[in-house]
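Protein sequences appear in the order of chains A and B.
In this text, residue positions in the first sequence follow the working numbering: the first is 772, and each later residue adds one.
In this text, residue positions in the second sequence follow the working numbering: the first is 2, and each later residue adds one.
Treat the hints with care, since some could be wrong.
Incomplete in silico selection of chain A near chain B, CB under 8 angstroms [what the hints assert, rightly or not]:
| # | residue |
| --- | --- |
| 1 | V1089 |
| 2 | L1091 |
| 3 | R1093 |
No wet-lab data here; the hints were simulated from the structure.
For every residue, glycine included, the Cβ atom is placed at its ideal position computed from N, Cα and C.
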Amino acid sequence: MRLPRRPLLAAPLLALPRPTRAQDRKFRIVMMLFRGWEEACDGFRDYFAARRIPVDLIVRDIGQDLSRVPELIAETRAIRPDLVYVWGTSLAIAVLGPWDQLDPARHLTDFPVVFNIVTDPVGNRIVRSREAPGRSVTGTEYIAPVDVQMRAMARYRAFTRVATTFNPNERNSLSVVRQMQAFLGGGVIELPVALDAAKRPDPASIPDVIAAAKRAGAEWLYIPPDTFLNDHRLVLTRTALESGLPCFSASERFVQFAEGLAGLVSRYYSVGAFTAFKAEQILREGRAPESIPVETLTRFSFLIRMETARRLKLYPPVGLLRVAETV
Amino acid sequence: MTPDRRLIGSVLALSVLLLTAAIGFVSHTALRSFEGELRPELEREATVVGSIGVQTLQRALDLGVPFDGLSGVEEYLATLLSAQPGLAYVLLTDAHGRVIARAGETPATFQGLPPGAVPPGRGAVTRLLGSSYDAALPLLATGQPVGWVHVGIARARLDTPLDDMRWDVVIVLLVVLLATAEFLRFLLARTVSTPIAMVRRLQERLAAGDWTVRAPTDMGAEAGHVARHLNVLVRRMNDRWDRLCWLATESSAAHRTAAVLAEVGGKLRFGMASVAERRGSDTASARLPLFLFVFAEQLSTSFNPIYAQALAGGGGTFGAALPIAAFVAAVALATPWGGEVVARRGPRSAMMWGTVPAALGHLGAALAPDVFSFAAARAVCGAGYAIVTIACQVHLAQEAPQGRVARSLGGFTAAVMTGAVCGTAIGAVLADRMGFRLTYGASMLVVAGIALLVWREFAPGGGSTAPRPGLWRSARIAFAEPRFAALAVLAAIPAKVLLGGFIFFLAPLELRELGFSQAAIGRNVMLYGLCMLPAIVAGAWLSDRTGRGGLIIAIAGALNGVGLMLPLWLASDIALPGAIVATGIAQGLASAPMLAVVPAIAGATGNAAAMLAFLRLAERFGSVVGPPAAAALLASGGAGHTMLMLGIFSLVTAIGYGLVLLLRAARREEPA
């Protein structure tokens, strides 16, 4: 496996030739967010600015409350935008519905849609296939293939047992854990976060999860893309660090903005810009979303938090440092 | 030895002596300075690799990884080592010079730098450690060295290019000597032996009383001077005769004097309207264009299949064999037609006509975009080759003095072989330095030069409109003779199958597979011609001495077969040159006897010329079949298998030929 020293930032996309003809009117884009504005949204917005494509971004955030989805859909229909941007797996499933069982009353079917920061859109039935979405929806993925992540983890430190924790309510996490099992077999220790009486994940159970992983002899704690864990990333990674358990993550925030040791990640900003590139194909070139494949960036960043490595005394191999980005 | 050969011999010996001394001195000096220049180059290379390694390790230290916490170092050093060919080792020592991690072969005498060694301001600490150049670069923590990265380059890296260079020098020397001999032979023939022969002929005519002759005055330098003197002498003699005749009519004793003069005039011939003596030519001067033509053609021998394979997209062996087969097929098909051209237009004109397709073919090969156009260009070249070689052969035969036709035709083979040896070696060196396409361009220029040479130096004429016997009738007569049929099928064809299939096709490809450089491939292929030259002389001598040409042909075929089976007993890098040497010796031994037995076979039928032509045609057939046959064998079972099968083929046909000879001998004895 060969990893680039730097991630594929938006630069190549931003450097595309600029439009020669000024746009007469602004494109109206409704941005449906699940947990507020973050780096992927920056990348999406900056792409249009760099390409001098006039857009009117109408931002709506549901604050992780999926019960607000019908209201959001109704408002969007009233706005009648040129394009809808949907952030996150859970929100995309709720807003778009399964591609083969669409219910126009509950799901958004009237406008072209691009999704961003979504895990396994085919397994989650958002699109029929990556090559041919089968509906007026396209978008990007941001997670490196699970087998590639496992190999990258082994390159830092070889392992026989790896623990993983996740919110059992999040389909994106479950999908990744299933793929881990398929690739590693018996070496995976599954430690779902405990649910409270209301079937909601309980942050208080995180230290127990870490303790259980240590007891089971795990050499790594793998963190799948998971909104609940992202919200509690500091507690999760710090507890693991204090227990001497290195964390490997599928998304950058656990390393960049917490205390995880390493991760093979797509930079959210780059994925956002890549999603905007697909939006441009729909808005400016008039392409149907059905004809635009769902893709991931072809290069990922191997992120290493050196402070965590020093505290764990678990230094990256010299060869890995040649290609890794350190924070 | 005739006087001109003695002259050529002594001039050649002197040239060899002077050239060897000069080239020896220059190459010795060049090789020494080469080593002097290469060493810092190697040290710089080691330093660059070391600095790359240090950069990564230093980054780890700068990121807070302690020196003793560095992990995966051996794996990393191994990737560094493999990334740069020619490195002997890469290793990491601590500040005390103890080896922490290593990759590659470290010399037994290796010692790290002592504690307290001062890091250089720039670059590396370089040393000569046993058989390696060692460059050491420091790893720093808080400004102090905590470790050293050592990169070693084996001195063998120096020795290989030096060895290559020594070989190049030897080959260039050899080629220069052979080429010098050809050019000297030509120059001496034009300026010395031909004028002397002309003067001798003139003297003979004058001595016989013919004072009407004139020496040609278009000869340069001393020869022209002598010719002009002779003409003055002849003119004065004529003047005096005229004056004598006039005085005789004026004197009182005119009647008696006139009678005496009439008697003298009957014995001598005088006159101003006389015909000039022919300047004449000789076989030595006729060899040069042939030598140059074969030289140009053979420039590409060592890389033809490699170039073809590259044009074919790297893959199939058939792609590589196609241009060789196209060339040989064109030569075979154009041979009878070339003979017609020569007979009709004369050798000079035919040579000039033949250089046109040859030059175009070389140009086409240089510009070929794919393997098919390359094969077409080679076919065009082949047509030119057929015409020019036949024209040279006929020219040599026409110019040969009475009773020395065989030796003169021996000169044909020698010129071809000399051209082949020089061309193959120089071609490989050119291809190594200028690339394949430009080498073809060089061939084209040489061919153009030949056309100019022939136009300037050769006398026109020699054509004839006389009817020639039909082709099919001659073939029927030739092949009806079993000894000729056996010679063609069991000796001539197998020899050329081996030449085309092994020397021209398989050997270059396989030598490349073994990792030989282009120049080394050329050297090895050249071994064939080099061994063949003395073997031709030895074969001719043995054949004349024993009178058993047939036996020599059979033994040579068997020797060739055994030579190709060498991979059974030896490693490929020895077996392959060995097989090339065996093929050169065997084919050299057989070449003169093969020509010599034909007149003996033809004896009764009086069909020797036609038989020789059909022998050549059979050889061409073998050359056409050879490369594709070798390609098919190579595709089915690899190089070793191909050599073995070709060896068995040669051995079996040689034994078959031997048996035919034995049967004929037994039948001859029976009636007795």
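Going down the list of hints, with the structure as the test:
| no. | hint | in the structure |
| --- | --- | --- |
| 1 | V1089 | 4 angstroms, holds |
| 2 | L1091 | 7 angstroms, holds |
| 3 | R1093 | 5 angstroms, holds |
Checked against the numbered hints given earlier, the structure satisfies every one of them.
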